[in-house]
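Enquirer: Chain residues, written in single-letter form:
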Amino acid sequence: MKEELIEYIMKEFVEDPDEEIEENTPLISSGLIDSLSVVSLVAFIDKKFGVKIPDEKGTVDNFETVNKIIEVINEFKT
Amino acid sequence: MSNIGSYEKRCKDFDWSIAQKELSYKKGDAINIGYYCTDRNCELGLGSKLALIWEGFTGEQKRFTFEDLKIHSNSFAHLLSQKLGLKNGDRIVIFMDKIPELYFAFLGILKMGGIAMPLFSAFGEESLLTRFESSGASAVLTTRKLVPRIRKIKGKLPHLKHVVIMSEDESIPVKEQEMAFSYSKAPRMESFEHFPATAETPSVLHYTSGTTGQPKGALHVHSSIFSQYLTTKWVLDLRTEDIYWCTADPGWVTGTSYGIIGPWSLGITQVVLDGGFVPAKWYEFIQKHKVTVWYSAPTAIRMLMKAGKEIVKKFDLSSLRHLCSVGEPLNPEAVIWSEEVYGLPFHDTWWQTETGCILVSNYPGMKIKPGSMGKAFPGVTAAVLSHEFEPIAEKDKPGLLALKPPWPSIFRTYWNNESGYESKFKNGWYITGDRSSIDEEGYFWFMGRDDDVINVAGHLVGPFEIESVLLEHEAVAESAAIGKPDAMNMEVVKAFVALKPGFEPSDDLELEIMNFIRKKLSSIAMPQEIEFVDSLPKTRSGKIMRRVLRAQERGEPVGDLSTLEND
Chain A
0 MKEELIEYIM KEFVEDPDEE IEENTPLISS GLIDSLSVVS LVAFIDKKFG
50 VKIPDEKGTV DNFETVNKII EVINEFKT
Chain B
0 MSNIGSYEKR CKDFDWSIAQ KELSYKKGDA INIGYYCTDR NCELGLGSKL
50 ALIWEGFTGE QKRFTFEDLK IHSNSFAHLL SQKLGLKNGD RIVIFMDKIP
100 ELYFAFLGIL KMGGIAMPLF SAFGEESLLT RFESSGASAV LTTRKLVPRI
150 RKIKGKLPHL KHVVIMSEDE SIPVKEQEMA FSYSKAPRME SFEHFPATAE
200 TPSVLHYTSG TTGQPKGALH VHSSIFSQYL TTKWVLDLRT EDIYWCTADP
250 GWVTGTSYGI IGPWSLGITQ VVLDGGFVPA KWYEFIQKHK VTVWYSAPTA
300 IRMLMKAGKE IVKKFDLSSL RHLCSVGEPL NPEAVIWSEE VYGLPFHDTW
350 WQTETGCILV SNYPGMKIKP GSMGKAFPGV TAAVLSHEFE PIAEKDKPGL
400 LALKPPWPSI FRTYWNNESG YESKFKNGWY ITGDRSSIDE EGYFWFMGRD
450 DDVINVAGHL VGPFEIESVL LEHEAVAESA AIGKPDAMNM EVVKAFVALK
500 PGFEPSDDLE LEIMNFIRKK LSSIAMPQEI EFVDSLPKTR SGKIMRRVLR
550 AQERGEPVGD LSTLEND
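The listed protein sequences derive, respectively, from chains A and B. Note that numbering that gives the first Met the number 0 has the first sequence beginning at 0, numbered continuously upward. Note that numbering that gives the first Met the number 0 has the second sequence beginning at 0, numbered continuously upward.
Any given hint might turn out to be false.
Facing chain A, according to a computed beta carbon distance under 10 Å, are these residues of chain B, among others [to be verified]:
| id | residue |
| --- | --- |
| 1 | Phe56 |
| 2 | Val173 |
| 3 | Val455 |
| 4 | Ala456 |
Residues from chain B that keep clear of chain A, each with C-beta distances beyond 10 Å, as calculated [said to hold, decoys possible]:
| id | residue |
| --- | --- |
| 5 | Asp12 |
| 6 | Ala121 |
| 7 | Pro157 |
| 8 | Met188 |
| 9 | Thr200 |
| 10 | Ser318 |
Within a straight-line C-alpha distance of at most 27 Å, the following computed DSSO-like cross-link-like pairs (lysine-lysine) qualify [said to hold, decoys possible]:
| id | chain 1 | residue 1 | chain 2 | residue 2 |
| --- | --- | --- | --- | --- |
| 11 | B | Lys280 | A | Lys1 |
| 12 | A | Lys56 | B | Lys518 |
| 13 | B | Lys174 | A | Lys10 |
| 14 | B | Lys308 | A | Lys56 |
| 15 | B | Lys26 | B | Lys82 |
| 16 | B | Lys499 | A | Lys47 |
| 17 | A | Lys56 | B | Lys280 |
| 18 | B | Lys518 | A | Lys67 |
| 19 | B | Lys518 | A | Lys51 |
| 20 | A | Lys56 | B | Lys313 |
| 21 | A | Lys67 | B | Lys144 |
| 22 | A | Lys10 | B | Lys153 |
| 23 | B | Lys483 | A | Lys51 |
| 24 | A | Lys46 | B | Lys499 |
| 25 | A | Lys47 | B | Lys518 |
| 26 | A | Lys67 | B | Lys280 |
| 27 | A | Lys56 | B | Lys483 |
| 28 | B | Lys518 | A | Lys46 |
| 29 | A | Lys10 | B | Lys151 |
| 30 | A | Lys56 | B | Lys312 |
| 31 | B | Lys305 | A | Lys76 |
Hints are computed from structural coordinates only; laboratory data are not their basis. We put the CB at the ideal spot given by N, CA and C, even for glycine.
Go ahead and model the full structure; you've got the sequences and the hints to work with.
Expert: Following this line, the structure appears as structure tokens:
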């Protein structure tokens with residue numbers, strides 16, 4: 000799951016191919032992903048992992064790092 | 000006692016010469032915003048005062064005095080005019096994150112008489128291309144991170160002759176017509192003979208979206224400083240000892256009028272956080288730098304509300320003394336919440352890219368009616384007009400919000416679009432495109448847009464620009480973009496898409512199209528939702544009836560359908 004999330008973020012948000020994203024790389028506070036783009040990640044998570052993240056959980060705090068995103072996914076994985 | 004004092008008294012004896020006198024300006028004098036924000040402060044003995052405290056998202060800090068601001072802006076002015084041969088009137092784009100170089104470059108461009116064109120760093124190639132083509136910009140100042148986006152479009156821009164990449168290492172590989180530049184390594188420029196701009200010399204070009212066509216460049220002039228100086232003093236109430244934080248990016252007009260020109264013309268220390276929105280980081284920033292005046296946006300405030308009250312208790316925000324907001328109407332709940340949680344209400348301010356400064360506002364010391372835009376700035380005539388462009392006398396009756404020109408910072412034209420500019424004026428009024436009403440006490444109340452422009456988190460997006468790019472996607476036959484109400488962002492974009500034969504609606508395709516728009520335009524323009532439809536409501540002449548889609552989306556009556564094309 001971690002690798003697939005990182006791959007998606009690299010493909011959709013990172014322009015410099017030499018830049019690396021790890022599980023604790025700040026995504027929101029670094030400006031890489033903004034609050035309006037979180038919906039793209041939510042849609043990807045639904046499509047890829049079949050997990051629907053409720054709107055109230057799609058927050059900048061919960062999407063700050065890949066590890067935090069995985070925590071939220073696991074919370075709503077059935 | 001606030002700077003404005005009695006609002007009523009200010010209204011009685013107002014004249015914009017108040018600002019001119021305080022800035023020691025006499026009619027006919029040369030006037031250069033870059034000089035006022037830097038050299039003049041040094042001449043007034045503020046050279047060693049901190050002008051800019053910059054912090055990156057990792058916590059790295061850089062501090063610059065007004066003397067530093069003068070020297071570094073001189074370096075940019077020298078680079079642009081002497082080394083690159085750019086001239087008065089040349090449009091020079093700044094495409095950077097909120098790094099110190101952005102601020103030095105902006106002031107340097109003004110000092111050499113160029114027209115500064117800061118662009119939001121999240122813009123994709125289509126958004127960039129539109130603005131570069133329209134303006135005929137001859138140079139861009141950018142960074143290593145962002146230059147790939149410039150390189151993608153440069154081949155289509157014959158006017159673009161210079162790409163300057165900010166880099167501490169000036170030996171980085173560059174392509175044709177590119178160069179690297181480091182302000183810290185540039186020769187120290189103690190003085191620069193700034194361009195003798197006059198009141199009407201063009202200064203800043205900000206693109207703004209409208210309901211039809213591509214974004215239009217609203218052109219401002221150096222005398223806009225009179226408006227920005229006085230509104231900063233009276234609305235934001237900035238004083239010598241304040242630490243001021245304007246959260247807006249200078250790619251938008253708030254970030255230049257009130258993130259550069261206003262505060263620095265007053266010699267105020269300001270702080271800048273270069274990073275995304277995270278509530279704890281914002282509060283930590285306020286605490287660390289003891290911010291006293293905070294100018295932010297309703298979307299950010301609502302996100303802070305969503306983060307809750309408990310997190311606020313972990314920080315010492317007692318330095319705050321005055322809060323203002325901008326970009327979209329501030330909902331009453333936010334005003335009440337901030338008073339409860341921060342001990343201070345947010346003061347809503349209303350203005351536009353075209354106005355260049357705050358024109359309707361809540362003022363220090365004046366009663367706030369939560370949800371109201373406030374009252375007209377002293378000396379400004381604001382009214383609500385009928386569709387015949389006559390003032391509506393009846394209180395609380397909605398109409399077209401309009402302003403009586405002139406005021407110093409009103410835009411002078413839309414770049415290369417004089418007819419578009421003239422269409423904004425009717426019967427001697429500037430027609431804002433917003434609808435509002437006025438109550439019996441003279442408070443204005445926002446009632447929505449009078450057109451199809453979408454306000455996403457305080458940023459205007461035109462449906463045409465979104466629809467144009469949607470049509471570039473291989474699967475899309477027809478499209479319409481509307482604003483959908485959103486609790487956090489006021490509106491978000493929703494797109495209706497009819498597909499070409501051979502393509503089927505799916506979640507995969509929806510996500511692909513969303514990301515396509517985000518990368519071509521920006522996250523602001525990205526549809527948060529796409530609805531696949533068989534066809535779009537159109538008039539017999541083929542014009543898409545967005546208002547029908549908007550009404551259906553909001554569960555409102557769709558109105559007159561007599562012009563709707565029959566199936």
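Enquirer: Look at each hint and say if it fits the structure.
Expert: Results of checking the hints against the structure:
1. For the restraint placing Phe56/B at the interface with chain A, the shortest Cβ-Cβ distance is roughly 5 Å, inside the 10 Å limit, so the hint holds.
2. Interface hint at Val173/B: violated, since its Cβ lies 16 Å from the closest Cβ of chain A, which is beyond the 10 Å cut-off.
3. Because the beta carbon of Val455/B sits about 7 Å from the nearest beta carbon in chain A, less than 10 Å, this interface hint is met.
4. Interface hint status for Ala456/B: upheld, as the beta-carbon distance to the closest one in chain A is roughly 7 Å, under 10 Å.
5. No Cβ of chain A approaches the Cβ of Asp12/B within 10 Å, the least distance being about 45 Å, so the stated non-interface status holds.
6. At roughly 7 Å from the closest C-beta of chain A, the C-beta of Ala121/B falls inside 10 Å, breaking its exclusion from the interface.
7. Even its closest Cβ contact with chain A, about 25 Å, leaves Pro157/B beyond 10 Å, as expected for a residue assigned away from the interface.
8. For Met188/B, the non-interface assignment is confirmed: its Cβ lies about 31 Å from the closest Cβ of chain A, beyond the 10 Å cut-off.
9. Distance to chain A confirms Thr200/B as a non-interface residue, since its nearest Cβ pair spans about 34 Å, more than 10 Å.
10. Every C-beta of chain A lies more than 10 Å from that of Ser318/B, the closest at about 22 Å, which supports listing it as non-interface.
11. Distance check on the hinted pair: Lys280/B and Lys1/A sit about 25 Å apart at the alpha-carbon level, within 27 Å; holds.
12. In summary, the hint linking Lys56/A to Lys518/B is supported, as the alpha carbons are separated by about 25 Å, within the 27 Å threshold.
13. Among the hinted pairs, Lys174/B with Lys10/A is consistent with the structure: their alpha-carbon atoms are about 25 Å apart, no more than 27 Å.
14. For the hint pairing Lys308/B with Lys56/A, the CA-to-CA distance comes to about 17 Å; that is within 27 Å, so the pair holds.
15. Taking the CA atoms of Lys26/B and Lys82/B, the gap is near 33 Å; set against the 27 Å cutoff, the hint is violated.
16. Among the hinted pairs, Lys499/B with Lys47/A is consistent with the structure: their alpha-carbon atoms are about 26 Å apart, no more than 27 Å.
17. For the proposed pair Lys56/A and Lys280/B, the alpha carbon gap of about 19 Å is at most 27 Å, so the pair holds.
18. Distance hint between Lys518/B and Lys67/A is fulfilled; the C-alpha atoms sit about 24 Å from each other, no more than 27 Å.
19. A C-alpha spacing of about 24 Å is found between Lys518/B and Lys51/A, which places the hinted pair at or below 27 Å, so the restraint holds.
20. Taking the CA atoms of Lys56/A and Lys313/B, the gap is near 22 Å; set against the 27 Å cutoff, the hint holds.
21. Between the alpha carbons of Lys67/A and Lys144/B the distance comes to roughly 26 Å, so the proposed pair stays at or under 27 Å and holds.
22. With a CA separation close to 23 Å, the supplied pair Lys10/A and Lys153/B stays within the 27 Å bound.
23. The suggested pairing of Lys483/B with Lys51/A holds, with an alpha-carbon distance near 21 Å, which does not exceed 27 Å.
24. Straight-line distance between C-alpha atoms of Lys46/A and Lys499/B comes to about 23 Å, which keeps the hinted pair within the 27 Å bound.
25. With a CA separation close to 21 Å, the supplied pair Lys47/A and Lys518/B stays within the 27 Å bound.
26. Between Lys67/A and Lys280/B, the direct Cα distance comes to roughly 17 Å. Compliance with the 27 Å bound is thereby established for this hinted pair.
27. A distance of roughly 20 Å separates the Cα atoms of Lys56/A and Lys483/B; the hinted pair therefore holds under the 27 Å criterion.
28. Under the criterion of a C-alpha separation no larger than 27 Å, the hint pairing Lys518/B with Lys46/A is consistent with the structure, at around 20 Å.
29. For the proposed pair Lys10/A and Lys151/B, the alpha carbon gap of about 17 Å is at most 27 Å, so the pair holds.
30. Among the hinted pairs, Lys56/A with Lys312/B is consistent with the structure: their alpha-carbon atoms are about 22 Å apart, no more than 27 Å.
31. In summary, the hint linking Lys305/B to Lys76/A is supported, as the alpha carbons are separated by about 24 Å, within the 27 Å threshold.
Checked against the numbered hints above, the structure violates hints 2, 6, 15; every other hint is satisfied.
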